[in-house]
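Asks: Taken in order, these protein sequences are the chains called A and B. When the letters of the first sequence are read in order and numbered with our numbering, they come out as residues 25 to 304. When the letters of the second sequence are read in order and numbered with our numbering, they come out as residues 14 to 343.
Simulated from the structure, these hints should not be mistaken for laboratory data. Only a predicted model underlies this, so the values are computations on that prediction, with no experimental measurement involved. Think of the CB as a built atom: it goes at the ideal place given N, C-alpha and C, for glycine as much as any other residue. Check before you lean on any hint, since a few could be wrong.
What the hints assert, rightly or not - For each label pair, taking beta carbons as the anchor points, the in silico distance ranges come out as: (1) 82(A) / 87(B): 35 to 43 angstroms; (2) 118(B) / 197(A): 53 to 61 angstroms; (3) 33(B) / 189(A): 42 to 50 angstroms; (4) 45(B) / 197(A): 17 to 25 angstroms.
As the list claims (entries may be wrong) - Here are a few chain A residues that sit away from chain B, every Cβ distance over 12 angstroms (derived from the structure): (5) 47; (6) 95; (7) 199.
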Amino acid sequence: MSTLYRRRKRRDVIMMTLSFLATIVGVGWLVLILGVLVWEGLAGLSLRVFTEMTPPPGADGGLLNPIIGSLIITALAVAIGTPVGILAGTYMAEYGRHSRLSTVVRFVNDILLSAPSIVVGLFIYEVMVAPMGHFSGLAGAVALAVIVIPVVVRTTEDMLRLVPDQMREAAAALGIPRANVIRSICYRAAGAGMLTGVLLAIARISGETAPLLFTALNNQFFSTDLNAPMASLPAVIFQFALSPYKDWQKLAWTGALVITVAVLALSIVARALAAPRKMP
Amino acid sequence: MIDVTLRKNGARTRALPTRGRILQRLRRNDAIYRNVTRGAAIGVLVLLGGVIVALIDGSMPAWRAFGFGFLASERWNPVTENFGALAPIYGTVVTALIAMVIAVPIGLLISVFLTELCPTWLKRPVGTAIELLAGIPSIIFGIWGLFVFAPFLQGTLQPFLITVFGNVPVLSSLFAGPPYGIGVLTASLILAIMVLPFITSISRDVFEQVQAVLKEAAYGIGCTTWEVVWNVVIPYTRVGIIGGIMLGLGRALGETMAVTFVIGNAHKISASLLAPGTTISAAIANEFTEAVGDLYTASLIALGLILFVITFFVLAISRYMLARIERRIG
């Protein structure tokens, strides 16, 4: 009896120690990666990074054109993806809450949410780059918009579903049409949550590399022409990190740090906005 | 009183046409909004359909040239335009599976710690940290893998594996060859680190859905913490855990940047895990812009189609499992 008891006790202690160690190793490992990133990234960080163009190998320079390019592509992607995502999410949470279409869209949306982003790049290459005959910043933005849509659809639907039905019923009892109930009451009540979804989407796409590789491609020079290849931070990091030049590798680390700080800041703001609500 | 009634009546008779028109307009606007939102929802379906159609259409030349032999051939020769998908498929599956074998037990143990052992004040910070880490772009893991992790493995773990398993029958071929640093094993380890936050946060969420009464009952009859986890929490959340694992697997299969940096991009299947290999996404990322000729491009798009089909099924199973546990608990 007492040996059985001791064995059970011992197994418990072993497994709990293991789970404690797993936490230390898991979290520590990730912190280690961030530490290296900050260490290597800070070494190359200076004002020049934000004011100068990408250099040829062996020269000094910064990351101005990829940063601007990333901002343009991201802004455009959000401008394209957000309205579509919010409208589709509205249908699923309001008009067609129990319709079969919503069930199917919900499933498809979840698939798109986790689909490999490189496949999205191939898709946009097929439908935009190949017919147009050249790579373009616009194609990059559309590719990222395809990634934005499922994120926004998901959060919009979840947040609208948290709006109590009594509010809709009260508004409907006043004779307000459905469309106005949705726009003036539901959107207002779920606003912060929906904004969170958009911020999360921005955080998600600002580090995406794979879909940009063969849509926006890259550009050595400063360009705001949406119809031409456009530099972006992730694509430049990819190119510079794999190059044999030390200066370029250093800039890649700095770029990686810039992206990570931006992504973490966006996620934290999104989290703070959604704090009173339950996150999806 | 009469006045009021009169005024009311008068107002109504005069306002009736306008009022009717306003109502009509509102009704029309409502119908328009309904259809616009419906159109957007259908647009999401069209998007998925478009992806599938575009990939099939773009990969047609490859299927026509190689048929289903494309799936079974290891050749990849851009010069003679002879392509086969076996090596990337093998690399994708092997790296993802090794990553899961490492990440799943660690992720589950972390969730056990977070739900059963962790003091309340530490729960939120650690949980939030893990969720934030899930959002870090994969290119960060890639660049870290290339500059820090691969040289580290080359100097430590890989020579160790080679000497330790050098004389063990099966394992010696698994860990054979010179320590390149980059290769299948390195890519798998980085994938494991990447999917760890996903698996942890999902399994923590499903663990937390277990009703306190169930756990308290088990503690009440004298179970140890581990026995509660093993006999109550895990059986109760089994479906959800599998769903979470499949979701992580979906990520690992489709992950591009973290792998591309460290896999070595060699289109061959080696028994050794230390040798360079390739995955579907790494092959596409590395070669697509340099692909000359329709057949080369089509073959890479065909790889993309294969990847999409594999992840589609994995994700569909995952969603089905997660929906099942939600229905049971919710």
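Asks: All hints, please: hold or fail.
Replies: Hints versus structure:
1. 82(A) / 87(B): 35 to 43 angstroms: holds, 40 angstroms
2. 118(B) / 197(A): 53 to 61 angstroms: Taking Cβ atoms as reference, residue 118(B) and residue 197(A) lie about 55 angstroms apart, which means the hint holds.
3. 33(B) / 189(A): 42 to 50 angstroms: 30 angstroms Cβ-Cβ, so the 42 to 50 angstroms window is violated.
4. 45(B) / 197(A): 17 to 25 angstroms: holds, 23 angstroms
5. 47: Since the minimum Cβ distance to chain B is about 5 angstroms, residue 47(A) lies within 12 angstroms and the statement is violated.
6. 95: holds, 16 angstroms
7. 199: violated, 9 angstroms
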